[in-house]
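Each protein sequence line maps, in turn, to chains A and B. Using our numbering, the letters of the first sequence map in sequence onto residues 1 to 456. Using our numbering, the letters of the second sequence map in sequence onto residues 1001 to 1456.
Dumping the calculated DSS-like pairs for lysine-lysine here, alpha-carbon to alpha-carbon at most 25 Å: (1) B:1382 / A:146; (2) A:382 / B:1093; (3) B:1382 / A:93.
Here's a subset of chain B near chain A, in silico, CB distances under 8 Å, partners left out: (4) 1089; (5) 1142; (6) 1237; (7) 1240; (8) 1248; (9) 1264; (10) 1319.
Label pairs and their in silico Cβ distance ranges: (11) B:1303 / A:398: 16 to 22 Å; (12) B:1102 / A:181: 49 to 55 Å; (13) B:1416 / A:195: 52 to 58 Å; (14) B:1222 / A:334: 31 to 37 Å.
No lab work stands behind these hints, which were simulated from the structure alone. Backbone N, C-alpha and C define an ideal beta-carbon position, used for all residues, glycine too.
Protein chains: 2
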Amino acid sequence: MASTNGTNGADVKKDFKPLGERPPLRSPYVGVPDFLSNVSNFKIIESTLREGEQFANAFFDTAKKIEIAKALDDFGVDYIELTSPAASEQSRKDCEAICKLGLKAKILTHIRCHMDDARIAVDTGVDGVDVVIGTSSFLREHSHGKDMDYIHRSAIEVIEFVKSKGIEIRFSSEDSFRSDLVDLLSIYRAVDKIGVNRVGIADTVGCAGPRQVYDLVRTLRGVVHCDIETHFHNDTGCAIANAYTALEAGATHIDTSVLGIGERNGITPLGGLMARMIVADRDYVRGKYKLEKLRDIENLVAEAVEVNIPFNNYITGFCAFTHKAGIHAKAILANPSTYEIVNPADFGLTRYVHFASRLTGWNAIKSRVDQLDLSLTDAQIKECTAKIKQLADVRSLNVDDVDSIIRQYHFNVKTGSNTPLLDAVGRNEIDAETLLKKAHANGNGNGVNEEAAKCC
Amino acid sequence: MASTNGTNGADVKKDFKPLGERPPLRSPYVGVPDFLSNVSNFKIIESTLREGEQFANAFFDTAKKIEIAKALDDFGVDYIELTSPAASEQSRKDCEAICKLGLKAKILTHIRCHMDDARIAVDTGVDGVDVVIGTSSFLREHSHGKDMDYIHRSAIEVIEFVKSKGIEIRFSSEDSFRSDLVDLLSIYRAVDKIGVNRVGIADTVGCAGPRQVYDLVRTLRGVVHCDIETHFHNDTGCAIANAYTALEAGATHIDTSVLGIGERNGITPLGGLMARMIVADRDYVRGKYKLEKLRDIENLVAEAVEVNIPFNNYITGFCAFTHKAGIHAKAILANPSTYEIVNPADFGLTRYVHFASRLTGWNAIKSRVDQLDLSLTDAQIKECTAKIKQLADVRSLNVDDVDSIIRQYHFNVKTGSNTPLLDAVGRNEIDAETLLKKAHANGNGNGVNEEAAKCC
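Sequences are here, hints too, so could you generate the full structure?
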């Protein structure tokens, strides 16, 4: 399981810390050394310009490809993978152009296991070539129609050729999780013996579950000495979890694309992987990647492929750090770690405590009162909260509505007046006072239930 | 590990089939009986009307709640979970209203571990009460401030009370994956002995990885006899994978919401879970849930909370069944299973083979020629494909562009004329003929590289 030319063998050891040096346990699962795991030592092969080009909406011209490549390089990805130069003449030229940029990231291109493609690829100036061939019975029958003997022979020919040019070579199967295990291990061992830099496992159809991934990667880790790259499609929602589990099992490289764009609904998203990995090793992730650039890169790519950032996107989605239920808000205000495993500040973002709903609580309103620089006692804030909750029970409130109610309540308290809170939301043409009276009549005037909106 | 009042014990056995009766193996991982796994026997607790109400944008009035509850019931979810009736007066009334609908799904409400809330809950007519209390040191310190002894005592009091009313009772910890394991197992065993229907594990902050989930659920499976419910937030991208892994470890119930809406970026989405589970057991999932209704339910909820369906949404995202790279298209046209693990027809949807890009191939164009009811030889289709790829290298093409080129090419072939393909895209004010000449001058006129746009 030692790695000769990869990063696996050397670095898992450095992760081990004697008991005295380890940080205090946060959970029963943290702090036990795992020599197989690379969650604190992984590399990203960023494939927005290859897998991402296979996204339905993607058309990247040369200038856009260069802009994306530079942004990814600045972010700190280890590799940038490009569409095969054999795909089209412009693809070849773009590949050459990006190789000439002098980026810190290594440039790869992704080709069929075929000498024609390999010859074109090595002439572009890339730092490495990713070779792939379908090994499942599905693909052997319906795609290229070749048997395993042919796959072995052509793999060896292409690998020897690329190696002779002095650049990196990866050999990957396609649809690995529907391939015969013995066939897979046999070809991986053969190419490892020739001396590939990496072998690749690909869940091409997005069928694999995390435990399958762990089993296959761990098994492979015992068969080859080289690095292990993994590529996960997200059709069944496991692309991030599978990448993480692959690292736990000894994989060294993860394929990503910005927003996960790729064939069908795509692959492991760069941002989602960052969310996952920063929880595993914040220092490693923050030390290596410019996380505060994530939002800009996502906006760049989203605009290029004409999609909106999904509302529920990892980290950068509009509500990723929004807390709504009363009890969440209360605890978040006391200590953000209660309901946040990722710190938004690590990504240059801020949290938002939602307070304009019937699920709100007096702690959230108290925080808002402070933000508005008003002064109310806790008892007054609780009364004001009760009024807000009653109104929010009847219709959707926005921040301005709640601010108006708070200000009006504050004004009444301070001046001893009894101006109806109706005025506070009068612009919405809803008779708030009547609504409030109705709510009182329903017997919900007894105190505040901010924690009753319970959640987990 | 036997289940006395749950579904686990009885049904794992029925999943076992003697070797002779098992379907042919599709991979090394399929077909080995796993007595612990419930992937073929799970229940859904649908929480759009509880967790989903905690989504930043959510405000459901009574009519909308009823509409959503009916749609979920029609879809076939086993349980519908509602916001605590203690949260607000309208929440209580809505809970009563939904209980009176006479749905097939059981109605639950979700409350704090507190007698005040329990008394209100049991009077609404619900079929069961989900009780929750924070057990992590974070929540014990910063949220409710209670110690484990207090939690034990209040849990027992509330559980005995709810049981005395003859309805279902679940006891869940909150933030389970940052709670002390011994504390957790101790309280779960205690409430199991009293006779709860389910215990719940909640990854409240979305920090858990699949292997942690497997370990904790499997451990718990050995400690309690009752059913095990699980609730996973998606902050770090593992909510679907964790749900799946929990079922593998013996969990019986999964919490979902439509589109995953909930606190922050939400929980396991109903649609995403369907995608995952149909791969595990298509017959079970199709037999139990009206999958063809998924899109309508998602649209209903998306409209109610004013979000767009994410471009990369599971199953219903616009590109979930779109195939673009040439080699994908070739194989998909021969056999959809090559690059699809989920059959779109199971959800009343169709696949789309993208052919208007430089990554296209002649198999995709041949398929389009057939759809247009035109007649061309393979050699002619290859030549036409080369022209399309050259043009697509220069700018983004849409379906109309490509159809025009195909039709013009077909016209030229059939009439012996040589009308420039320029006309085909003339409406776009781009000089296609010049572009084609330029592309030819670049030496890319030699055959078709439909498979060179390789991918996995």
